[in-house]
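Residue strings, one per chain:
There are 2 protein chains.
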Amino acid sequence: MEIITLSHGEGGKSTHEIINKIFYKHFSNEILMQQGDSSIVKELNGKIAVTTDSYVINPIFFPGGDIGKLSICGTINDLAVSGATPLYITVGFILEEGLKLSDLERIVTSMSETAKVCGVKIIAGDTKVVEKGRGDRLYINTTGIGIIKNDFNLTGTNIKPGDKVIVSGTLGDHGITILCQRTELNFDSQIKSDCNSLHLLIEDILKVSKEVKFIRDITRGGLATNLNEILQEKQVSVVLKEKSIPIKNEVEAVCEILGLDPLYIANEGKLVLIVSSEDADNIIKVMRNNPLGKDATIIGEVIRDSTEQVYLKTAINGTRILGMAEGEIIPRIC
Amino acid sequence: MEIITLSHGEGGKSTHEIINKIFYKHFSNEILMQQGDSSIVKELNGKIAVTTDSYVINPIFFPGGDIGKLSICGTINDLAVSGATPLYITVGFILEEGLKLSDLERIVTSMSETAKVCGVKIIAGDTKVVEKGRGDRLYINTTGIGIIKNDFNLTGTNIKPGDKVIVSGTLGDHGITILCQRTELNFDSQIKSDCNSLHLLIEDILKVSKEVKFIRDITRGGLATNLNEILQEKQVSVVLKEKSIPIKNEVEAVCEILGLDPLYIANEGKLVLIVSSEDADNIIKVMRNNPLGKDATIIGEVIRDSTEQVYLKTAINGTRILGMAEGEIIPRIC
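Protein chains in written order, with the UniProt record's numbering: chain A, 1 to 334; chain B, 1 to 334.
Be aware that one or more of the hints could be misleading.
Since the list gives no way to pick out one identical chain from another, each pair is judged satisfied if it fits inside one copy or across any two copies.
Calculated cross-link-like contacts (lysine to any residue; reagent style SDA-like; alpha-carbon spacing at most 20 Å) [said to hold, decoys possible]: (1) K149 / A253; (2) K13 / E229; (3) K21 / G327; (4) K132 / L101; (5) K13 / D261; (6) K313 / G46; (7) K25 / I245; (8) K47 / Q35; (9) K116 / I31; (10) K13 / E308; (11) K149 / G46.
Hints were generated in silico from the structure; no laboratory data involved.
Please take these sequences and the hints and turn them into a complete structure.
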């Protein structure tokens, strides 16, 4: 069995071997193959969107995806929710000594396939190796570059009372999948991560409406934390209807057993949108035509209340305030 | 003593706390403070250079620098040797549970100061936390974006026999400094890392000569490995004169004791150039006027020999072939 050794991180012969046999083999394109200290891309006409994320998810393979697919989708989603067309991605690997080369290649293949399907190019990379016990198989950083060809204002500055809050589908699938995979918990679960790139769904939405005020992919911290972030300095609040929020029965069951709240659980293929009341139904219709938005639902609305809170109208007609996530929920979820 | 906990990586309140109290405090600029999923920068007129690197150096503080300064300088250098003006850097942190917040802030301060001195902006970031024993204090990924405003061909395709090989100063300082810092080796050394950003030195060089064929900052694998990489598919070879290669006495002494070859030791503030014979002296003059190039020297020349080898004429007039680095030299040197 071939494994990663410290010499793969030295920049010498062994480094070149994995670059040629694994990275160039799967990622090859004319920009990456310049093989320079920087990769040179042609002039871009328009504003440029840039985002970076590191991925430390444990385990690295899970139902619905792996750390490689996640790293490409996550970066594409961060570009797309800003109204950008994703173009280029750089990849930095931190490999732990002892990682199987076959696992590395499986992940690289998954990254390459995801990038191809999404029409983005992996244009630059780096590999470092750390000693056994100084990492956990592998960590990946992806940085994305996209181009903005439209003049949407998706920063949330136009949000006003009466606007509707939409989610694109069921919440908590990713986080609960990962939790069920951790060996300490032996749930015999059929749940799959929702790990997916959402740029085409976002394109569909932006084609039919100029009245989208904010889009975000709901990741760490879940819907509740993400909405709290969105409301910062917006001088309005949001009321959600618990009954309207789509959650899979199985996710709900696991959450109940573990005392977790699905509204704080991470997703990797779901959007939250704030849109004008007039356009909401039309947007829902378009979203439901895309498999990644088939469960899209209006879950609440923006209200005139300058405290910038997220209120939840519960099924039994009480009201809860959903604050930002505090303390440890699920570490290394992405 | 305040330390990093897993909750700092959850995306909730604790994450926001270190973002506000450490990252925004030191890195603040109008682009970063958009606080969006992507950072939006204005249209760039010209070709764009992109590079990515992860830094896993051990120890994280060392004479002459720290992992923070190194991560900014290294990325700036990769852009500058491609003929680009460095503009923007993204930063991804992977923090180990238990890292002192004061150490994190010291490193962030160092990154911020280096970026300011070099005129680059840190425009996007990400923080992940891994459990104790799954990292080593902190790892940093930096991705750099620069703009190319000139039409130099620095890719090496113009290299021809007779061209001169120049280094900007003494070799091996960084690698030997790091080695001396590792506790197993108790050298009482005064050597400092050469960790520095070389973009202004490169600007100086490109101002006086159109006949620079190749520039690279000599990092992992040292001069020998870097020259071997440069020669790939160039159908020429290089002869170096051992006597001309600048090496500090102290670096040479440590190398001798440990059986290391300084030509394979990493640098973090040195350039190797291949330039036309006619321009070489002029370039040396300009380089020596810059403190970072004060020991610049012609160390060899390109010869008509299609084997693409690096030959070393030794002090006693023998000839050695310097291949690419093989096996483990010094792990986690950058």
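Quick rundown of the hints versus the structure:
| no. | hint | in the structure |
| --- | --- | --- |
| 1 | K149 / A253 | neither (43 Å within a copy, 59 Å between copies) |
| 2 | K13 / E229 | between (47 Å within a copy, 10 Å between copies) |
| 3 | K21 / G327 | between (43 Å within a copy, 17 Å between copies) |
| 4 | K132 / L101 | within (15 Å within a copy, 25 Å between copies) |
| 5 | K13 / D261 | between (50 Å within a copy, 16 Å between copies) |
| 6 | K313 / G46 | neither (43 Å within a copy, 53 Å between copies) |
| 7 | K25 / I245 | neither (44 Å within a copy, 37 Å between copies) |
| 8 | K47 / Q35 | between (27 Å within a copy, 17 Å between copies) |
| 9 | K116 / I31 | within (14 Å within a copy, 30 Å between copies) |
| 10 | K13 / E308 | between (56 Å within a copy, 15 Å between copies) |
| 11 | K149 / G46 | both (6 Å within a copy, 18 Å between copies) |
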